[in-house]
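Student: Here is how the chains run, residue by residue.
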Amino acid sequence: NAGVTQTPKFRVLKTGQSMTLLCAQDMNHEYMYWYRQDPGMGLRLIHYSVGEGTTAKGEVPDGYNVSRLKKQNFLLGLESAAPSQTSVYFCASRRGRNTEAFFGQGTRLTVV
Amino acid sequence: GQQVMQIPQYQHVQEGEDFTTYCNSSTTLSNIQWYKQRPGGHPVFLIQLVKSGEVKKQKRLTFQFGEAKKNSSLHITATQTTDVGTYFCAGHNTNAGKSTFGDGTTLTVKP
Numbered sequence: 001n002a003g004v005t006q007t008p009k010f011r012v013l014k015t016g017q018s019m020t021l022l023c024a025q026d027m028n029h030e031y032m033y034w035y036r037q038d039p040g041m042g043l044r045l046i047h048y049s050v051g052e053g054t055t056a057k058g059e060v061p062d063g064y065n066v067s068r069l070k071k072q073n074f075l076l077g078l079e080s081a082a083p084s085q086t087s088v089y090f091c092a093s094r095r096g097r098n099t100e101a102f103f104g105q106g107t108r109l110t111v112v
Numbered sequence: 113g114q115q116v117m118q119i120p121q122y123q124h125v126q127e128g129e130d131f132t133t134y135c136n137s138s139t140t141l142s143n144i145q146w147y148k149q150r151p152g153g154h155p156v157f158l159i160q161l162v163k164s165g166e167v168k169k170q171k172r173l174t175f176q177f178g179e180a181k182k183n184s185s186l187h188i189t190a191t192q193t194t195d196v197g198t199y200f201c202a203g204h205n206t207n208a209g210k211s212t213f214g215d216g217t218t219l220t221v222k223p
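Chains as they are written, first to last, in the working numbering: chain Y, 1 to 112; chain E, 113 to 223.
Hint data in this document are derived by calculation from the structure and do not stem from the laboratory.
Using N, Cα and C, we set each Cβ at its ideal position, and we do this for glycine too.
You may find that some hints are simply not true.
Here are the simulated DSSO-like pairs of lysine-lysine, each with C-alpha atoms no more than 30 angstroms apart in a straight line [as the list claims (entries may be wrong)]:
| # | chain 1 | residue 1 | chain 2 | residue 2 |
| --- | --- | --- | --- | --- |
| 1 | E | Lys222 | E | Lys168 |
| 2 | E | Lys182 | Y | Lys57 |
| 3 | Y | Lys71 | Y | Lys9 |
| 4 | Y | Lys57 | Y | Lys9 |
| 5 | Y | Lys9 | E | Lys171 |
| 6 | E | Lys148 | Y | Lys71 |
| 7 | Y | Lys57 | Y | Lys71 |
| 8 | Y | Lys57 | E | Lys148 |
| 9 | E | Lys222 | E | Lys163 |
| 10 | E | Lys182 | E | Lys168 |
| 11 | E | Lys171 | E | Lys222 |
| 12 | E | Lys168 | E | Lys148 |
Reference listing, derived: stretches of chain Y covered by chain E, where coverage requires no fewer than 3 residues with Cβ under 8 angstroms from a Cβ of chain E [what the hints assert, rightly or not]:
| # | segment |
| --- | --- |
| 13 | 40-46 |
| 14 | 69-81 |
| 15 | 87-98 |
Listed next, the stretches of chain E that the computed footprint assigns to chain Y, with coverage defined by at least 3 CB atoms under 8 angstroms from CB atoms of chain Y [claimed, not checked]:
| # | segment |
| --- | --- |
| 16 | 128-137 |
| 17 | 164-170 |
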């Protein structure tokens with residue numbers, strides 16, 4: 001089992017460019033999450049999904065969109081990247097509401 | 113909304129000293145989870161506490177959940193260099209499908 005796989009691992013974008021981060025899990029988990037991690041600010045929830053075809057906003061959703069067309073995949077989109085979106089992005093998944101979260105390796109995104 | 117505060121933000125210890133990080137929630141939690149993130153790595157699940165007043169141990173690590181289910185602590189006895197990293201608590205409310213993470217405590221251990 002690969003667990004939770006994020007692609008790409010690194011990316012540099014110019015301001016105004018768009019991109020999609022892919023998260024794939026092979027554990028048949030219902031719940032999937034996207035977080036961003038900035039120095040000294042812990043993990044902040046961007047968007048999450050409680051099942052295939054569902055999405056919901058987290059703490060910091062502005063500037064991001066998500067889709068969960070397939071249960072195993074959760075996509076995070078940046079339509080027009082801004083320097084403030086420079087961060088490390090983590091995807092996570094859980095089997096159920098009260099179970100442990102499994103994190104991907106992270107995507108380091110720099111917007112210049 | 114739910115807020116989870118974690119203190120201290122940083123802790124520097126000499127190898128062999130003890131370490132404690134504290135987590136406080138603004139609301140009553142259904143459970144709390146603890147994660148460890150090594151430098152350059154991703155968060156990895158350590159443990160989950162569910163019951164009021166629960167205490168769990170993993171070798172040198174002791175986890176406690178408060179009686180009111182609003183606070184928790186992680187205590188490491190006799191730290192080792194392998195303990196370095198950032199420790200996060202994550203408070204969970206059953207009615208929501210998501211957790212709220214604290215900002216983490218970063219532990220450095222001097223040999």
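Student: All hints are to be evaluated individually against the structure, with a verdict given for each.
Tutor: Each hint, compared with the structure:
Under the criterion of a C-alpha separation no larger than 30 angstroms, the hint pairing lysine 222 of chain E with lysine 168 of chain E is consistent with the structure, at around 27 angstroms. Taken as a hint, the lysine 182 of chain E and lysine 57 of chain Y pair is honoured in the structure, with Cα atoms around 24 angstroms apart against an allowance of 30 angstroms. Among the hinted pairs, lysine 71 of chain Y with lysine 9 of chain Y is consistent with the structure: their alpha-carbon atoms are about 22 angstroms apart, no more than 30 angstroms. At most 30 angstroms may separate the alpha-carbon atoms for a hinted pair to count; lysine 57 of chain Y and lysine 9 of chain Y meet this at roughly 24 angstroms.
At roughly 34 angstroms between alpha-carbon atoms, lysine 9 of chain Y and lysine 171 of chain E are farther apart than 30 angstroms, so this suggested pair is violated. Proximity of lysine 148 of chain E to lysine 71 of chain Y is assessed by CA-CA distance (about 27 angstroms); at most 30 angstroms being required, the pair is judged to hold. Between lysine 57 of chain Y and lysine 71 of chain Y the CA atoms are separated by roughly 18 angstroms; this keeps the pair inside 30 angstroms, and the hint holds. A hinted pair counts as satisfied when its Cα atoms are at most 30 angstroms apart, and lysine 57 of chain Y with lysine 148 of chain E qualifies at roughly 25 angstroms.
For the given pair, lysine 222 of chain E sits about 35 angstroms from lysine 163 of chain E by alpha-carbon distance, which is inconsistent with the 30 angstroms threshold. For a cut-off of 30 angstroms, the pair hint linking lysine 182 of chain E to lysine 168 of chain E stands: about 17 angstroms separates their Cα positions. Distance hint between lysine 171 of chain E and lysine 222 of chain E is fulfilled; the C-alpha atoms sit about 21 angstroms from each other, no more than 30 angstroms. About 16 angstroms separates the Cα atoms of lysine 168 of chain E and lysine 148 of chain E, which keeps this hinted pair within 30 angstroms; it holds.
Only residues whose C-beta sits within less than 8 angstroms of a C-beta in chain E count toward coverage, and the segment 40-46 of chain Y has 6 of them, enough to reach three; the restraint holds. Here's how the segment 69-81 of chain Y fares: 0 of its residues keep a CB closer than 8 angstroms to some CB of chain E, so the rule of at least three is not met and the hint is violated. Counting residues of the segment 87-98 of chain Y whose C-beta lies closer than 8 angstroms to any C-beta of chain E gives 4; at least three are required, and the coverage claim holds. For the segment 128-137 of chain E, the assignment as covered by chain Y is violated, since 0 residues bring a beta-carbon within under 8 angstroms of that chain's beta-carbons and 3 are needed.
Requiring three or more residues with a Cβ within less than 8 angstroms of a Cβ of chain Y, the coverage given for the segment 164-170 of chain E is violated, as only 0 such residues are present.
Against the hints set out earlier in the document, violations occur for numbers 5, 9, 14, 16 and 17.
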